[in-house]
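In order, the protein sequence lines correspond to chains A and L.
Taking my numbering, the leading residue of the first sequence gets 1, the next gets one more, and so forth.
Taking my numbering, the leading residue of the second sequence gets 1001, the next gets one more, and so forth.
Calculated directly from the structure, the hints in this document are not laboratory data.
Computed from a predicted structure; not experimentally measured.
Check each hint, because a few of them may be wrong.
One-sided and incomplete, this derived list gives chain A residues near chain L with beta-carbon spacing under 7 Å [stated by the list, open to error]:
(1) Leu2
(2) Arg5
(3) Gln41
(4) Ala70
(5) Asn74
(6) Ile75
(7) Pro76
(8) Leu93
(9) Asn94
(10) Gly96
(11) Ala119
(12) Gln123
(13) Leu186
(14) Ser193
(15) Pro197
(16) Arg250
Glycine included, C-beta positions come from ideal geometry on N, C-alpha and C.
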Amino acid sequence: MLSKRIIPCLDVKDGRTVKGVNFVDLKDAGDPVELAWQYAQQGADELVFLDITATHERRGTTIEMVKAVARQLNIPFTIGGGITSVADAEALLNSGADKISINSAAVRNPQLIEDLAKAFGVQFVVLAVDTKLVNGRNMVHLNGGRLITELETEDWILKAESLGAGEILLTSMDHDGTKNGFDCSLLDKVARSINIPVIASGGAGTMAHFTDVFLQTGVDAALAASVFHFGEIPIPDLKEELKKHNIPVRS
Amino acid sequence: MIGIVNYGAGNIFSLTAALERLDIPFGMVNTAAELDLYTHIIIPGVGHAGTAMNKLLHTGLVAPIKALTKPVLGICVGMQLLTQHSEEGDADLMNIVPIKTRLFNKDQGIKIPHMGWNNIEHQNNSLFEGVENGTQFYFVHSYFIEYNATFDIATANYGMPFSAAVKKDNFYGVQFHPEKSGIAGERLLKNFSNLKQ
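Next comes chain L alone, as it looks inside the complex (with noise of 0.2 Å):
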């Protein structure tokens, strides 16, 4: 069963209307001892980043999250607070992953927010089991998580390579809604669900 992390950082209504659809059962994390209850977690998110990270403090979440050895998973804003620090806002951040969450660079001549749908290249993790190579996901975001090899698990390209899906250890992040990326979201979901401890 999974746990959503309720932190009030964004509407979580079409996170779990997908779950319900995909019959996958949840449930809400409001405390540490919460997080026992549940065989994976989810870390949503929308917004700013900082805001984000200021709301999990105040929940007292951050340490238990940090030690947790079942399968996370940050969605947007969520996959950003597991990063170091986030130039939204100057913030540091859970520092689980640790590579930086940047702005993107309106110079290269694109356009901010990254909105829309835009392919992603996946290394054959458990994450993307059944999703072919270069399927498009739902993207909305100014700030990206920068590309590193260690973690990358999925890579998009928005002006430079950026990191659409990390992974560290049990901690999973996606840049993009696999709540509003179709079908492809939906397969994403429920690999996430069947992820061993």
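Isolated chain A (complex conformation) (with noise of 0.2 Å):
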């Protein structure tokens, strides 16, 4: 059976992990090497590496970084931040990296995602998808939740699957950084309505959280950034608790 998969998210800066990680045996907390070779020995089943200052210039060191990773992982990483062409993706692919997820770039010129899936195939796509409620209406927005689009989330998420997006990283802007849990129910509305596997991401604050979202909805995978950096979960613990409930994870 396809185990539900547990997705730490890492923030990098210049080739260097940002946002304080907690770890006690880390030497270096900004090696993105040494981090990441970390949660693949806790038993993370994927790793994303989000570029948060990506520029055309600083893309040397992504790569960098990204080949650094490959040579020492021997788990999935995704990498995404920037890229907003296929020669950006074809220098990723080919230093490692399994995945590249695209997020304003896509919004703005949608045949991106077509364009990168005929060249690498739909696997290779990761859509990211930051959402808030206005009004009532689920909304894309882009620029970390400060730029509202004029596309509704679930339309969106239908247009990028038949474009060819091979994945959806579903985050709620709403529930981002609460640690109230995930949003539940457009993660199921989303989960269900196409055929593509969905990331949970946003809100995750205890390990119930975990269980509520693999339990109530057909996501396939929980994406979490700073429970897993500051140690407040623990992956291997975070697993048994899932296996309590049935939920199928990676031993």
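Combine the two chains into a complex, taking the hints into account.
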């Protein structure tokens, strides 16, 4: 049976991981390679690196980081941030990234999804969607939730699937940072409306939130950052808890 | 020493990185003559099976590969190339293992691609030495190799049972990505490199 995936998300700036990370036995919390390796040891199923200051000039730094991670890591990883062209994606693929995640570039140019899927296969293309409730409607937002678009979240995701997105990373900006749990009702609606995997993101605070999102929705994976980075939820404990609820996880 | 068939179907960075971590020496195979330089051969592959087969045909390596008697391991699309035919692009493949590569059926309530960690049941072939039955490996694919008891050495289930690994004589194939499958995947690569001629 296919396991539900647990995915720590790491923010990267100039090839270094940022945001406080609090592992006792970590020599250098800013070293993406060491951090990634630690997560793999803990039983993370996959990693997402989000390059938060990606610019054209700094692309080289990111590529070197991706190569360094791929040399050491024996689990899959996704890299996102600043990818606007097939050439950007190809450089990352050739450096060992398993998937790339695109967000605002796809909103501005939906054709990019199709171009990437044709060039590298749908399995390579993760569409990240940041959503926020506005007057009772879930609307796609850009720039970390600061910029609203005209796209309704569910419509955009359906369109992205038809264009060739292989997976959806859906972050609820209303839940993100609250530690009050995932947006289960929206995640379930989305997961049921499409035939590609969905990664839940935004709101994880306790192990029960992970249990809830897997029991109450059809999502395939759950992503979180701070609860893992600060050791609030050790991944082995989380896996044990999910197993108790008969949720299939990798041991 | 392992020779990796270099025919341009997908990126091999992760595979070579895994071999480096395991201290397994390797080199690239571009020509038929280079097949002789190595004791073991890996055929990698990501993407479209029909396109991959066309690229392999273009290298002129199909007949020399089929004539090999040393251990050969096809990974993902590289495994599918060992079969007779793929529904992807209605492509005739190398036909080393006379079974078919088919598209998953979404009417069975499954998402396509089959992406993530799935457990396998293996038949104690040396390729899986030291790997517990029920261990999860990392899969990413939309097409699968039909289960056939004669050639199956490991089975996975996704809507229906399919072959996660096959073997015919010296030819082995794995649908999952050992280079991305944690410690179990690394063990499998090590086991392959230790297979006797």
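Quick rundown of the hints versus the structure:
no. : hint   : in the structure
1   : Leu2   : holds, 5 Å
2   : Arg5   : holds, 6 Å
3   : Gln41  : violated, 10 Å
4   : Ala70  : holds, 5 Å
5   : Asn74  : holds, 5 Å
6   : Ile75  : holds, 6 Å
7   : Pro76  : holds, 5 Å
8   : Leu93  : holds, 5 Å
9   : Asn94  : holds, 5 Å
10  : Gly96  : holds, 4 Å
11  : Ala119 : violated, 9 Å
12  : Gln123 : holds, 5 Å
13  : Leu186 : violated, 18 Å
14  : Ser193 : violated, 12 Å
15  : Pro197 : holds, 6 Å
16  : Arg250 : holds, 4 Å
The earlier numbered hints that this structure contradicts are 3, 11, 13, 14.
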